[in-house]
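Student: Each chain is listed here by its residues.
Protein chains: 8
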Amino acid sequence: MDPDRLQALLDDVAGGRVPAAEAFARLRRLPYDDLGFAKVDRHRALRAGGAEAVFCPGKTPDQVVAILRSLIAEHANVLATRADAATAAAVAAAQLPHVYHPLARLIVARPEARDGIGLVVVAAAGTADLPVAEEAALVAEALGNRVERVTDCGVAGLHRLLAHRELLAEANAIVAVAGMDGAMPSVVAGLVDRPVIAVPTSVGYGASLSGLAALLTMLNSCAPGVSVVNIDNGYGAAHQASQINQLVAKIR
Amino acid sequence: MDPDRLQALLDDVAGGRVPAAEAFARLRRLPYDDLGFAKVDRHRALRAGGAEAVFCPGKTPDQVVAILRSLIAEHANVLATRADAATAAAVAAAQLPHVYHPLARLIVARPEARDGIGLVVVAAAGTADLPVAEEAALVAEALGNRVERVTDCGVAGLHRLLAHRELLAEANAIVAVAGMDGAMPSVVAGLVDRPVIAVPTSVGYGASLSGLAALLTMLNSCAPGVSVVNIDNGYGAAHQASQINQLVAKIR
Amino acid sequence: MDPDRLQALLDDVAGGRVPAAEAFARLRRLPYDDLGFAKVDRHRALRAGGAEAVFCPGKTPDQVVAILRSLIAEHANVLATRADAATAAAVAAAQLPHVYHPLARLIVARPEARDGIGLVVVAAAGTADLPVAEEAALVAEALGNRVERVTDCGVAGLHRLLAHRELLAEANAIVAVAGMDGAMPSVVAGLVDRPVIAVPTSVGYGASLSGLAALLTMLNSCAPGVSVVNIDNGYGAAHQASQINQLVAKIR
Amino acid sequence: MDPDRLQALLDDVAGGRVPAAEAFARLRRLPYDDLGFAKVDRHRALRAGGAEAVFCPGKTPDQVVAILRSLIAEHANVLATRADAATAAAVAAAQLPHVYHPLARLIVARPEARDGIGLVVVAAAGTADLPVAEEAALVAEALGNRVERVTDCGVAGLHRLLAHRELLAEANAIVAVAGMDGAMPSVVAGLVDRPVIAVPTSVGYGASLSGLAALLTMLNSCAPGVSVVNIDNGYGAAHQASQINQLVAKIR
Amino acid sequence: MDPDRLQALLDDVAGGRVPAAEAFARLRRLPYDDLGFAKVDRHRALRAGGAEAVFCPGKTPDQVVAILRSLIAEHANVLATRADAATAAAVAAAQLPHVYHPLARLIVARPEARDGIGLVVVAAAGTADLPVAEEAALVAEALGNRVERVTDCGVAGLHRLLAHRELLAEANAIVAVAGMDGAMPSVVAGLVDRPVIAVPTSVGYGASLSGLAALLTMLNSCAPGVSVVNIDNGYGAAHQASQINQLVAKIR
Amino acid sequence: MDPDRLQALLDDVAGGRVPAAEAFARLRRLPYDDLGFAKVDRHRALRAGGAEAVFCPGKTPDQVVAILRSLIAEHANVLATRADAATAAAVAAAQLPHVYHPLARLIVARPEARDGIGLVVVAAAGTADLPVAEEAALVAEALGNRVERVTDCGVAGLHRLLAHRELLAEANAIVAVAGMDGAMPSVVAGLVDRPVIAVPTSVGYGASLSGLAALLTMLNSCAPGVSVVNIDNGYGAAHQASQINQLVAKIR
Amino acid sequence: MDPDRLQALLDDVAGGRVPAAEAFARLRRLPYDDLGFAKVDRHRALRAGGAEAVFCPGKTPDQVVAILRSLIAEHANVLATRADAATAAAVAAAQLPHVYHPLARLIVARPEARDGIGLVVVAAAGTADLPVAEEAALVAEALGNRVERVTDCGVAGLHRLLAHRELLAEANAIVAVAGMDGAMPSVVAGLVDRPVIAVPTSVGYGASLSGLAALLTMLNSCAPGVSVVNIDNGYGAAHQASQINQLVAKIR
Amino acid sequence: MDPDRLQALLDDVAGGRVPAAEAFARLRRLPYDDLGFAKVDRHRALRAGGAEAVFCPGKTPDQVVAILRSLIAEHANVLATRADAATAAAVAAAQLPHVYHPLARLIVARPEARDGIGLVVVAAAGTADLPVAEEAALVAEALGNRVERVTDCGVAGLHRLLAHRELLAEANAIVAVAGMDGAMPSVVAGLVDRPVIAVPTSVGYGASLSGLAALLTMLNSCAPGVSVVNIDNGYGAAHQASQINQLVAKIR
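Each protein sequence line maps, in turn, to chains R, F, V, P, A, L, C and U.
According to the numbering used here, the residues represented by the first sequence are 28 to 279, in order.
According to the numbering used here, the residues represented by the second sequence are 28 to 279, in order.
According to the numbering used here, the residues represented by the third sequence are 28 to 279, in order.
According to the numbering used here, the residues represented by the fourth sequence are 28 to 279, in order.
According to the numbering used here, the residues represented by the fifth sequence are 28 to 279, in order.
According to the numbering used here, the residues represented by the sixth sequence are 28 to 279, in order.
According to the numbering used here, the residues represented by the seventh sequence are 28 to 279, in order.
According to the numbering used here, the residues represented by the eighth sequence are 28 to 279, in order.
Simulated from the structure, these hints should not be mistaken for lab results.
Note that this is a predicted model, so its numbers are computed, not measured.
Using N, Cα and C, we set each Cβ at its ideal position, and we do this for glycine too.
Be careful, since some hints might not be right.
As the list claims (entries may be wrong) - Derived lysine-lysine pairs resembling DSSO-like cross-links, with alpha carbons at most 27 angstroms apart:
(1) A:Lys-277 <-> U:Lys-277
(2) L:Lys-277 <-> C:Lys-277
(3) V:Lys-277 <-> F:Lys-277
(4) R:Lys-277 <-> P:Lys-277
Claimed, not checked - Across the chosen pairs, the derived CB separations fall in these ranges:
(5) P:Asp-38 <-> U:Val-126: 42 to 50 angstroms
(6) A:Pro-129 <-> L:Glu-193: 52 to 60 angstroms
(7) L:Ala-196 <-> A:Pro-129: 49 to 57 angstroms
All chains, full assembly: derive it from the sequences and hints.
Tutor: The structure is reproduced here in structure tokens:
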């Protein structure tokens, strides 16, 4: 419940248009009827264009279905991340309205098309980084952002990245996804003056240490303007890119 | 805000006794008014027998003096941990009532003798572990606990530990301090059925990895009843031992 | 065998009421007929409300059955931790009296209901932490403690934790279970002045390093009053919480 | 070289207006002529409100003086980070216009007051985190942003953080600085829907692993909306916060 | 397209032998029609005796087939590394001309026999290192080098290595493959004055840390003349050995 | 070539008894002729009571069969370590004389009973450590040593270890096998003055880091007289214990 | 107390020859009487040719003097390891009879020349490893062993090692000291069939990780017969080598 | 002694021009008079244009002087690496002919100008990497190679690197030196088809882990043609680059 609606409700109570008991019931049902902190959560959901995402690992398919059913009662474009085929099948069997993106392991429940605003660019260094990059791109789209994808632009073939320099320079936020040496986000931040949210991936072997090497590379970027999220965390990068893009686009 | 107070507030709005705008402000402010965290902190200080401890590293001697002066206005036995000689000298120059324990690098400001209650045993595996063990023992005493010290009882000379088995079995909480192989707390927990709070120390070299080896040993204790605090954290272990001992002694 | 009983036995031998041979047999059968250390073990089992727990990994189902059969001859509520379905099936096939808790992977053999004493609170940060939290809760109950569960109270939704502040403040010991950032136990220890035993879980991915990140967070808690056990070690935390709670409740 | 220009060049060769040799030379040189990287850098400097920062470690005081002298010929508010007293003395001796902030180890050369735009909030968990936080705040100010500081708001005293919730909710970007358990940024991101750039600090000891523990905590934040920079990298966080804030404030 | 061909094409345009439109079409299709960097790639492919290698993990069999089909249109001896049986089967089903080496997990598509030039020696410390060593040897052969294999020459049986000293001393580059203690490349570099490219393998257990131990050994070689590639990266070592050998053999 | 032989050779050249060319060839070849490493290996096999052991991982069952067939032509009690069921089946199918010990994953080919000499004690801390301990015990027996086993003697039940103190004190070498906290070898070395070869095992979870915790514990033993082998390396420990025991028993 | 003595004691009680109270006292005191840990320690000191060594770090010079004074009352050749110049000066000022070896940082108090028995060879890979190697050699001599030193025999100059092969083959125990790649002990164990106790040193830089790289190399030795002690632990290696050598030489 | 000289000496003995005793003395003095391996070393020194380098850390200034004095008796351009000011002063005081390069911490003893052959390019990513890069460049020059330096060409300012692409493409070997993110060598290897020897430096802070981050980046280079040496090991990289360059230049 945002401040306007709260103010209006209280005015209605003061004006006798809404009985105190009914206001009590409505406020009570809100997350903050005890402590108020959940009001923040509710506000965030409304403003950010979607509810909290459901992280599927460690939950049974039935649990995911139950949580999604509850969330889509109030929200569109509810996200379930890292959903495997079994979870997707359970959501389908439960006849929840949804789209499942197997490459990105993403379910968008109660999907609703939106005109994306602003610009978030999602760049992937190699083809093996695509699952993570696609998760980021789809999440950013579901959160209401315009998204452009740049793929296969690692530093071993620098010209492929340079070809997209103008697009990168227009972005309000860039999600840069790379495994192995993780060098691409540094190069991007050296090219354009836009916030780069780097996502290391677990792509690689041996001394890639399941993505730790790429993570460290990114944290040590010699170009300023790079911040980093957890390995393979396309969702988290897209969430923050969306926060930035929507602040810039003045819709929040 | 509990349901009753929310209902009452809404009744007041409906009855015109509270304007809607004021109710709005109070509902908005609620999470802070109600939590009363400062009270919690104040209560803890009183119940626990002392104020928050001052962690000296990263603070100038003058800053430590200022903080202590403020705290001893309300509390006795205020602790400043990891205080070096310069800090101690500054406290002395400021003529704050205090005792400085150089081995333990501990300042007890506005010291006040207490009859220690219950029993906390502080055991040290080697002589090089004494600074950390002594910090733990002095902190526990300052917090109002009866403390017994057992020293030089590492597993290389097991009989020295076994000689104190009855004392250990009487403790309400045991602080077990060890570096190098860190094996002593496991042995203590295998001997007596009392909660053991293990403190790894940075004593050692090479593969001791500055105390990480001892830390890992303790976390993997094959005897149940061992929990662990940070390397060299004598203060933290004594704090928790004091919590336990005073709960047992029924003074909190 | 405690000193009184030893004295009495020897008096009986001296008085001719017990033949030397019988005294020999009794002293011999006791774990300490050579060294005396096992007396502690026997006492611990009785006082703590149960026998040593059986750690199942690395044991065949048949071995677990054999060990449980031996232990339930003398004890109720014998625990077998991390028991998989095959082990549970073997225990069932052997017709041992027991309850199997699949979520917690826990077998309680010769289960015996008890009135829980005192209060241990088991708090879990996220739903994926529930298996570890439930292991802790069930172990604490089996050991004779009153247990209250607080679930889904991670710092991303702080109000859910704050709603239970009073319950936390009543606990004699709090088991705080969290994966990913592992931040919840620090917050709990900042809220209430009760001993917090933190359990990092392996929930997470990438830079969670299978729970090491949460473990390190907890060891570095900026709030005093937190000690830590091994990753996913719900049993160990419950064991120590039980030690503390029962000392407080004066039954040991 | 875009297709139109390539077509025109070839037409010129075909028409004899450009010799083949000259076309060869231009096609060969192309990648460099067209990229214009130096222009990019120059543009960035102007748009971002300042020149590239000088990272002092590994440079002699004389080298820093020479580089600053060169840069202030064209820019105001030139930053030299991690400048020790000797470097500051050399800059003073060279009579360069500047301000030295010893706590933040920051030199602002050719300082020029600006009306800060938008809002960047810099929050520090503990007093020992202040050097890093102050570096971030001063850098953000030098880059032309309005900055508000929130200090000593770690999770051990949550009310201190909550008291500033409204300020945090107004920020276009939040720089959250924390050492030890590094838990504060997660809590901030759970409270307000603004991009949080987390800076782990090397404050701590033992298992803090010189800031790695806090770094891992932040990467594993259970609240979305957190990205992370290198340990103690106040400059980098402020740089990205400035990028975001100025995009939002529509000055770039 | 190499400089000669570019010059000739432009001459033809200038001389009216090739219309500008046709030249446009040809230059456009080349990788560098925008930026020129791909020219390098094309040149490298021709000179090095083969196209870019395809790293199979993370690609579907169908994707590998498609990429290979595209590459063999222009190149012989196209390599697909770490190809599993399913990928090899897909390549066979697609009736691409190829040879599959299961031990080395290597596909050579459009294979073409060549007279190997110069000398690359591939030495393997143990039989378990053979898959990596064989990958290196086959890659070096496909790239047009003469290759000699030395197997089972670890330092536990030094004489087996010494028996091949003269062969090693003739090599233009030595690929030295070793797991476990990774000591062999140091010994080789101490014996002969030829560049040694060391490949640590993941062969080992426990403290081999999946090849990190061997990697560290090689990086710390007390004999100069050793450089190192990633764990199990036989391809990368062979690629660089080929670069060196062909420079020496004056074919590039 | 020792000085005498060199002098003689030169005298022969001077005296015309050996042509310069032949002397040149012999001097060039010298390092190999003289080292005679293969003889060393052969000698070791005979003296040590068996041939080189075959490490099975990374070898196909057929390869193991072939190697064993070759070795048993000359040796009895040839060992194949870490042999899985498929390898054992292949050895059986090949009708090689052998015994397979599935718990220890050990094949003894051409088994030959021997009167064990001296005394090697193999002690295991827990039942889950038995596979590694049994590998050590069987290897030591196959190498001709008298072996005594002590099981389930971890420090959580110290009396079980102490009960075997006299046996331990008689050993010429003690193999001490422990996982989890790895504390037992330190205790053993504190009890008896005999060389202890400690074997960490991968038994444990979480912060045991697959045996690294136990390894570090053992390397940091506060009792002198402990050396350590790789995690789970029962074979290696037994090999060295056999070397020591047989030197003591004067058979080598 | 063994069964016979227990039976006899009880018979004496039953027969009135021993009062129950006295039996009680003796049974109670048992762990000390029977375990005789101090005796064990005392015996070890005598048999091993010296008292416990004093590890100086973490002890003040005065403390070291006091401990040495106490020990030399009963023992000759008392060792104080890692003694810096200040400690040596204090020992000299106290006029304790002693020799100080600055390279090895070793004090031998109440030195007493002995005819060394058997043979321990101490081999050092490089000159920078000499302090650790010399500590090992001097300790072994002080403990009564004949010691031969082999220096500068790293694998980069293999012939220097091979020149001493016969000496190595005569040793009852070999202490092999190496930093950087740590490869030398593997080579030694491949040459001769004698127990090798490897000592990694902290000599090196970068990826030597202060000796961890050498430590890992040694733990992964592909030649059997190598066990390992802590980094720079020359004392520990010499202690175990002495145990082995003296068992072989039949003086214990 | 190379084969030609050995053959000539033996011919002289056979022809009576050199007495056998004199030949004995000369052969005996050579490193290989026992084993022949040192012949390799002597050959290497001659062919590679200089003697073995002296690694100064862990040696006293006097030791370095003594070793250099011995080596310059036979060789020019003898290198002493990582020489601090005290060592340089001792060499000067001893009046050895030499040049000291303080930035590179390198002493060239008995310096002798040479016409460098071939081409080695040494590229440094940042100014703080210059000490390591300069060590590499000076070593390569002392070993007789033509060297070109490219400085300050990190990926944050890519155009600075691209400007040198033609020079890089001419090199027979490229030494690429970078700290922090270590990304530059990957970019170089993507640009030109020449062997790149990457040197990670310890430049950086926090998550650079003293150069480990850059090391891992380089090992995971997504461009083939990169091999890696130890952190800060400019000498090692130059040594191997020299091996390659001189093989290509046909002088060895």
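Student: Give a verdict on every hint.
Tutor: Structure-based check of each hint:
Taken as a hint, the A:Lys-277 and U:Lys-277 pair is honoured in the structure, with Cα atoms around 10 angstroms apart against an allowance of 27 angstroms. This hinted pair checks out: L:Lys-277 and C:Lys-277 have alpha carbons roughly 10 angstroms apart, not beyond 27 angstroms. Our distance criterion of 27 angstroms between C-alpha atoms is met by V:Lys-277 and F:Lys-277, whose separation comes to about 10 angstroms. Only pairs whose Cα atoms come within 27 angstroms are accepted, and R:Lys-277 paired with P:Lys-277 is accepted, the gap being roughly 10 angstroms.
Taking the beta carbon of each, P:Asp-38 and U:Val-126 are about 59 angstroms apart, not inside 42 to 50 angstroms as hinted. Distance hint for A:Pro-129 and L:Glu-193: a CB-CB separation of about 57 angstroms, consistent with the stated range 52 to 60 angstroms. About 55 angstroms separates the C-beta atoms of L:Ala-196 and A:Pro-129, a value consistent with the hinted range of 49 to 57 angstroms.
Going through the hint list in order, the structure does not satisfy hint 5, though it satisfies all others.
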